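Colleague: If you're matching them up, the sequences are chains A and B in order. Position 82, counted from 1, in the first sequence is what numbering that gives the first Met the number 0 calls 81; the numbers after and before it change by one each time, with no gaps. Position 99, counted from 1, in the second sequence is what numbering that gives the first Met the number 0 calls 98; the numbers after and before it change by one each time, with no gaps.
Keep in mind the hints are simulated off the structure, nothing from the lab. Source: prediction; values computed, not measured. Every residue gets a Cβ at the ideal spot worked out from N, C-alpha and C, and that includes glycine.
Simulated coverage check for chain B against chain A, where a stretch passes if three residues somewhere in it have a Cβ under 8 Å from a Cβ of chain A:
1. 1-8
2. 67-75
3. 85-94
4. 119-129
Result set (BS3-like, lysine-lysine): computed pairs, CA atoms no more than 27 Å apart in a straight line:
5. A:Lys180 <-> A:Lys53
6. A:Lys26 <-> B:Lys70
7. A:Lys199 <-> B:Lys70
8. A:Lys137 <-> A:Lys195
9. A:Lys53 <-> B:Lys117
10. A:Lys195 <-> B:Lys70
11. B:Lys132 <-> B:Lys217
12. B:Lys117 <-> A:Lys109
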Amino acid sequence: MNVTIVDYNSGNISSVINSFKEVAQDKVNIEVTSDLNKIKSSDKVVLPGQGSFKSCVDALNIINGLSDTLNEFAIMNKKPLLGICVGLQMFADVGYEETETKGLGWISGKVAKIDNQNGKYKLPHIGWNQINIVKDSKIFKDVENNSHMYFVHSYEFIPNDKSVISATTDYSSNIVCSVEKENIFGTQFHPEKSDKIGLKIIDNFINL
Amino acid sequence: MLKNRIIPCLDVKNGRVVKGINFVDLKDAGDPVEQAKIYSDGGADEICFLDITASNENRDIIYEVVEKTSKKCFVPLTVGGGIRSVEDINKLLNCGADKVSINTAAVENSKVVVDSSKKFGSQCIVVAIDAKKNGDKWEVFTHGGRNNSGIDALEYAKKMEENGAGELLVTSMDRDGTQVGYDIDLMSKISSKVNIPVIASGGVGNLDHLVDGIKLGKASAVLAASIFHYGKHSVKEAKEYLDSKGIPVRI
Chain A
0 MNVTIVDYNS
10 GNISSVINSF
20 KEVAQDKVNI
30 EVTSDLNKIK
40 SSDKVVLPGQ
50 GSFKSCVDAL
60 NIINGLSDTL
70 NEFAIMNKKP
80 LLGICVGLQM
90 FADVGYEETE
100 TKGLGWISGK
110 VAKIDNQNGK
120 YKLPHIGWNQ
130 INIVKDSKIF
140 KDVENNSHMY
150 FVHSYEFIPN
160 DKSVISATTD
170 YSSNIVCSVE
180 KENIFGTQFH
190 PEKSDKIGLK
200 IIDNFINL
Chain B
0 MLKNRIIPCL
10 DVKNGRVVKG
20 INFVDLKDAG
30 DPVEQAKIYS
40 DGGADEICFL
50 DITASNENRD
60 IIYEVVEKTS
70 KKCFVPLTVG
80 GGIRSVEDIN
90 KLLNCGADKV
100 SINTAAVENS
110 KVVVDSSKKF
120 GSQCIVVAID
130 AKKNGDKWEV
140 FTHGGRNNSG
150 IDALEYAKKM
160 EENGAGELLV
170 TSMDRDGTQV
180 GYDIDLMSKI
190 SSKVNIPVIA
200 SGGVGNLDHL
210 VDGIKLGKAS
220 AVLAASIFHY
230 GKHSVKEAKE
240 YLDSKGIPVR
250 I
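Next up, chain B with everything else stripped away, as it sits in the complex (with noise of 0.2 Å):
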């Protein structure tokens, strides 16, 4: 049976970890390669980096950190942030990431997606749906939640599936931070519309919002950072819970 997968986040800005844990056996606690090491010896069924490096020339950066990590870590690798072209997703790709994630690019040019699916597989094209709730509808945001593009974030959904997308990312942006759970209807209604994998992002604040992303939101996967920072829950804590509540996880 196919298992449902937790996925820790790490926010990684020049080449550093900005949001990450806190755990006293760690010599590092920037380190990114550290952090991923980590994740994955606790049971990760996969580790995302969200690279928010704000300028241009420190966008090098995280090839470095991939490149390292990959040689550690041996769970599928995921990396987002930035990424604006076929030959950015190529270079990640060789630097040792095994999918990358596409937000912005996605939205202003889909052939970044069409094109890049066909070059490399749909397997490793996750296309990132930062959406936000604007009366019965959601709508998709870009360039990190700042610009709101007015597009329909169901239809969208279905859009970047026919493109060539593997997997959907949704974060709902009004829970993002707030840690009060994912937003259930956004899951649900996106996981429906669409046959490939949905990852859910945004609000997690206990072990309850990952059961709820799955049952309730229909999502295959779970996307957390926060609760797994500062070692208030480990992703193995994560995982027996969810057990507990009869959703399947590798353990």
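Bound-form chain A, shown alone (with noise of 0.2 Å):
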């Protein structure tokens, strides 16, 4: 099996390349790059993301073909597909940070930022919060309700079917933290530093 992790100048993805090939050890192949053949050739796909919401939107627009052949992967053939972080956030039709900017559109919402209440709360949002399962979800198989997951973000996406989440964590309000739309999967959280109940949601998605 071909895991591929997309490699789109989206910052820093050392952490996630580490994580997967410590799970995959030799029975998985874990790819890192942004070769569209690859792509289409490879099982599962993973999409991380860092920084701005704008910022990982160029920079995935910025290699042609690169959001035709993701969509084709995950829209049109239905392949298991994992966004992490910002990765997650760019399924929306659209995102505030920065600017006004268009996602992919595979969940229909949006991305804000988290209301602070006044400063009452710090943003980022960063450290480790519990996770409400609200869904089963593949990912989530023995990873047991109220888990710890290590956090880093000032953004949210808030997505207009309420179905798809599988998972909120309470920072300000109950903010999505997970997703699961048919073979779309997301987590907002950071699986590849939350410990091992990360690299655990990490193996389910790799043995799904």
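Could you fit the two chains together into a complex? Lean on the hints.
Modeller: See the structure below:
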């Protein structure tokens, strides 16, 4: 099996690579590339993302044909894809970080700044927070409710259809921190930095 | 609920831990990779390396250390010490650091903070402030505490937030190494001034000091070195103690 981590200059992805390689060992081949043919032929795709919504969308669009290839992979061919952090946020129709920016439009909704309630909540939301699992998601197999995950973000994904939400976390409000829509998965937290329980989520995705 | 973080810090010189854990089960007491792994297995919320390598020739060694550590530790890794440029930051991130902590370069050229937070995102840019009390204010020091910039620490903290820092690592130079506790006044003033998380550092001698840093100093995270060295306290003990005092921690 081939799992491809999409390398589109979206910031620091070395931790994502390290964690997937740790979980995969020799059983699964982990590719790190933006090569369209390799993405097309892989079994699963990981879409990481750091920095701003706009910078990630821009970086994705600079690579000719990448967003079409991802669209073909996830929407037309319905193969498993995992978005992490801004990778998840880009599933939305639109994001409002820096300036209004069009997303991939895979899961209808928007990405907006977390309400800090006049400074009551510090932003970025950095650190370990518990997840409240609201839907049985395949990537949460053997992951207990209220497990701690590592977060670092200032913006949140607000999907229109609440049935895609698989987990939320409590910070200022109930922030959506995991989604599952058919073959598309996303986590706002960083499984690659969430210790053993995070690696379990990666393992679940690899073994889908 | 967001938990308060406990961050053990290791001083690394020429690729070896200078002050470190002196546990009996440790094969090599000077190996940063092995020590970082012990901390992360013990429940550390993040790991911090401070590179105190003096000579420029040996600077590259830290990259190798970071690369090896990031393949073993799956909690966030922050690396500070000697970072001068956006290119230095790029190299550390590529080696597997999750965040970098910038000190002197941020004072001398704030463009480094602006440019790097734009390029890599605020989430990985920590500005480290070494502050020393002078009268009724605190001044920012650079070059490992050797040079006084004369800059007011509170104003500087606000400016660094505006420049794109994602977190501030605030060290009281008056308290550092004394084991008498954090400078609570400094921590709470800076924490109230900015809307980004503050990591308290400098002066921890016992577990009550960690409690004070969070409760009174309003810090989001507490960094400590010496109490975790030589097995005086484990990270697990520290977390259980904080939990018993009603502070939310990840256990």
